[in-house]
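The primary structure of each chain is shown beneath.
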Amino acid sequence: MSKPLERAQAIAREIARAHADDVDRQARFPKEAVDALRSESLLGASAPVALGGLGSTVTELVAMCQALGQACSTTGMVFAMHHIQIASMVLHPGSNGAMAKYVKEICEKQWLIASVTSEVGVGGDLRRSACGIETNGDTFSVVKDATTISYGAQADGLLLSARRSPEAAPSDQALVWLRPGDYTLEKKGNWDTLGMRGTCSPPFRVTAKGKADQVMSEPFSDVAPLTMVPFSHLLWGGVWLGLATEAVSRARAFVRAEARRNPGAPGANALRLSELQAQLQSLRTLVYAMADEYQASLVNKVDKDLLLSVGYALRLNNLKLVASQSIAAIVTAAMPICGIMGYKNDSQFSLGRLLRDSFSAQLMINNDRIHMTNAQLLQVYKDDS
Amino acid sequence: MDNQIRTILLQHGKLGSDAMTLAEDADLYQAGMTSHASVNVMLALEGAFDVEFPDRMLKRSVFESIRNMRAAIDELTGGR
Numbered sequence: 001m002s003k004p005l006e007r008a009q010a011i012a013r014e015i016a017r018a019h020a021d022d023v024d025r026q027a028r029f030p031k032e033a034v035d036a037l038r039s040e041s042l043l044g045a046s047a048p049v050a051l052g053g054l055g056s057t058v059t060e061l062v063a064m065c066q067a068l069g070q071a072c073s074t075t076g077m078v079f080a081m082h083h084i085q086i087a088s089m090v091l092h093p094g095s096n097g098a099m100a101k102y103v104k105e106i107c108e109k110q111w112l113i114a115s116v117t118s119e120v121g122v123g124g125d126l127r128r129s130a131c132g133i134e135t136n137g138d139t140f141s142v143v144k145d146a147t148t149i150s151y152g153a154q155a156d157g158l159l160l161s162a163r164r165s166p167e168a169a170p171s172d173q174a175l176v177w178l179r180p181g182d183y184t185l186e187k188k189g190n191w192d193t194l195g196m197r198g199t200c201s202p203p204f205r206v207t208a209k210g211k212a213d214q215v216m217s218e219p220f221s222d223v224a225p226l227t228m229v230p231f232s233h234l235l236w237g238g239v240w241l242g243l244a245t246e247a248v249s250r251a252r253a254f255v256r257a258e259a260r261r262n263p264g265a266p267g268a269n270a271l272r273l274s275e276l277q278a279q280l281q282s283l284r285t286l287v288y289a290m291a292d293e294y295q296a297s298l299v300n301k302v303d304k305d306l307l308l309s310v311g312y313a314l315r316l317n318n319l320k321l322v323a324s325q326s327i328a329a330i331v332t333a334a335m336p337i338c339g340i341m342g343y344k345n346d347s348q349f350s351l352g353r354l355l356r357d358s359f360s361a362q363l364m365i366n367n368d369r370i371h372m373t374n375a376q377l378l379q380v381y382k383d384d385s
Numbered sequence: 001m002d003n004q005i006r007t008i009l010l011q012h013g014k015l016g017s018d019a020m021t022l023a024e025d026a027d028l029y030q031a032g033m034t035s036h037a038s039v040n041v042m043l044a045l046e047g048a049f050d051v052e053f054p055d056r057m058l059k060r061s062v063f064e065s066i067r068n069m070r071a072a073i074d075e076l077t078g079g080r
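Just so you know, the sequences run in chain order A and B. Numbered as in this note's numbering, the first sequence ends at 385 without a single skipped number. Numbered as in this note's numbering, the second sequence ends at 80 without a single skipped number.
Source of the hints: derived by calculation from the structure; they are not laboratory data. Honestly, I wouldn't trust all of these hints.
Derived pair list, reagent style DSS-like, types lysine-lysine, alpha-carbon separation capped at 27 Å [to be verified]: (1) A:Lys101 with A:Lys188; (2) B:Lys14 with A:Lys382; (3) A:Lys382 with A:Lys101; (4) A:Lys209 with A:Lys104; (5) A:Lys109 with A:Lys187; (6) A:Lys187 with A:Lys304; (7) A:Lys382 with A:Lys304; (8) A:Lys101 with A:Lys187; (9) A:Lys304 with B:Lys14; (10) B:Lys14 with A:Lys104; (11) A:Lys209 with A:Lys304; (12) B:Lys59 with A:Lys304.
Quick caveat, the model's predicted, so the values are computed rather than measured.
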């Protein structure tokens, strides 16, 4: 059997790409690609082999996100968000190992997991919850009004954040694993957006109950900075890198076709392409350097001191800021190269979907919020090491 | 010094429990100090003790308890 990365690349090339425009046009879930990922066991890529997963490294996961994101940003983003949830469970199994048991079940059944971190009334702050978990003996219940749940209606299970109890402080949060059948979803709005249309991310009310060991024992204040935030920024970075790579690839194909018609000295478009290529290389280097650094910290039994430092938080935030800004710039700069052929929706050089999708990057965790955090951290950080 | 640290925690730590009575080795993050609040604590400590925490000290383990903060400040001031 071929390697997991090669399998993901084949699915991207042969399936995700074929349906990308239809997924976008109809704002529909990329079912064909996700079914293919499932049938190749790739929904367990981030889990260790001992739990029935494929044991892929963070760097390999980023490369899978890149391949899928290049073919269809929506498919790449669904794959990324799913694995952020799996990794959060894998790396925080709890003292009783309950999460490991559940990850094993997820891998075996190749369930797709969605994230429920957003909530009405907390202003987009990941680290505050309004709802709380009601524990009653060995069961729990929780109700959450989420402002958005990507592929909520298509997922098999959910990972939801809430206060550890209704009386707990807003920042005293825990993650809860919700199995199929543990919850009902009430759709509270629509998802008709500029881009990333196939992620199908409307608001929902989640009403859930389950067994007490489905509540993660490790506090979200550890899980977020150690795992959920780094995985998010790295895997999103992979998807965005794929999107930018596709835009540059279309521009390059256009310039090459021009050159073949008129061989000779490179023209203005070829120079623009050269500028684009430099930007793309810088983005690729940034994403993979950060992935390698994080992977190394995991191998060293999670270097908590590094991951919980001000310096690392700043670097990780900067990855998100720079990557999300640069992809919009890269796709925008590809447009004058492809000209009217890039502007058309039905040309092989079309950039419309890529351009629309690229704008989502600065909004999923709004860059302004991240700049506010960084501004605060820079009051104490000296950049002296 | 402990009283000064506790006063700063009271003003900036946003602790669920009372900053004046916490054990000196109690985990302040567990007690409700957010990372946002911890930066304000760092700033206030730098001001109160006339020190600058180098980047290598800007990590959770250094600020997770009153005892660890005191050790860090002692290291920077040489116990002056």
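Each hint tested on the structure:
Only pairs whose Cα atoms come within 27 Å are accepted, and lysine 101 of chain A paired with lysine 188 of chain A is rejected, the gap being roughly 33 Å. Restraint check for lysine 14 of chain B and lysine 382 of chain A: satisfied, since their Cα atoms lie roughly 25 Å apart, inside the 27 Å limit. Our distance criterion of 27 Å between C-alpha atoms is broken by lysine 382 of chain A and lysine 101 of chain A, whose separation comes to about 43 Å. Of the supplied pair hints, the one linking lysine 209 of chain A and lysine 104 of chain A holds, its CA atoms being roughly 21 Å apart against a limit of 27 Å.
Between lysine 109 of chain A and lysine 187 of chain A, the direct Cα distance comes to roughly 26 Å. Compliance with the 27 Å bound is thereby established for this hinted pair. Between lysine 187 of chain A and lysine 304 of chain A, the direct Cα distance comes to roughly 39 Å. Violation of the 27 Å bound is thereby established for this hinted pair. For the hint pairing lysine 382 of chain A with lysine 304 of chain A, the CA-to-CA distance comes to about 21 Å; that is within 27 Å, so the pair holds. For the proposed pair lysine 101 of chain A and lysine 187 of chain A, the alpha carbon gap of about 30 Å is over 27 Å, so the pair is violated.
Pair hint lysine 304 of chain A plus lysine 14 of chain B holds up; C-alpha atoms about 23 Å apart against a cutoff of 27 Å. A C-alpha spacing of about 39 Å is found between lysine 14 of chain B and lysine 104 of chain A, which places the hinted pair above 27 Å, so the restraint is violated. Under the criterion of a C-alpha separation no larger than 27 Å, the hint pairing lysine 209 of chain A with lysine 304 of chain A is inconsistent with the structure, at around 32 Å. Between the alpha carbons of lysine 59 of chain B and lysine 304 of chain A the distance comes to roughly 9 Å, so the proposed pair stays at or under 27 Å and holds.
Consistency note: the structure conflicts with the earlier hints numbered 1, 3, 6, 8, 10 and 11.
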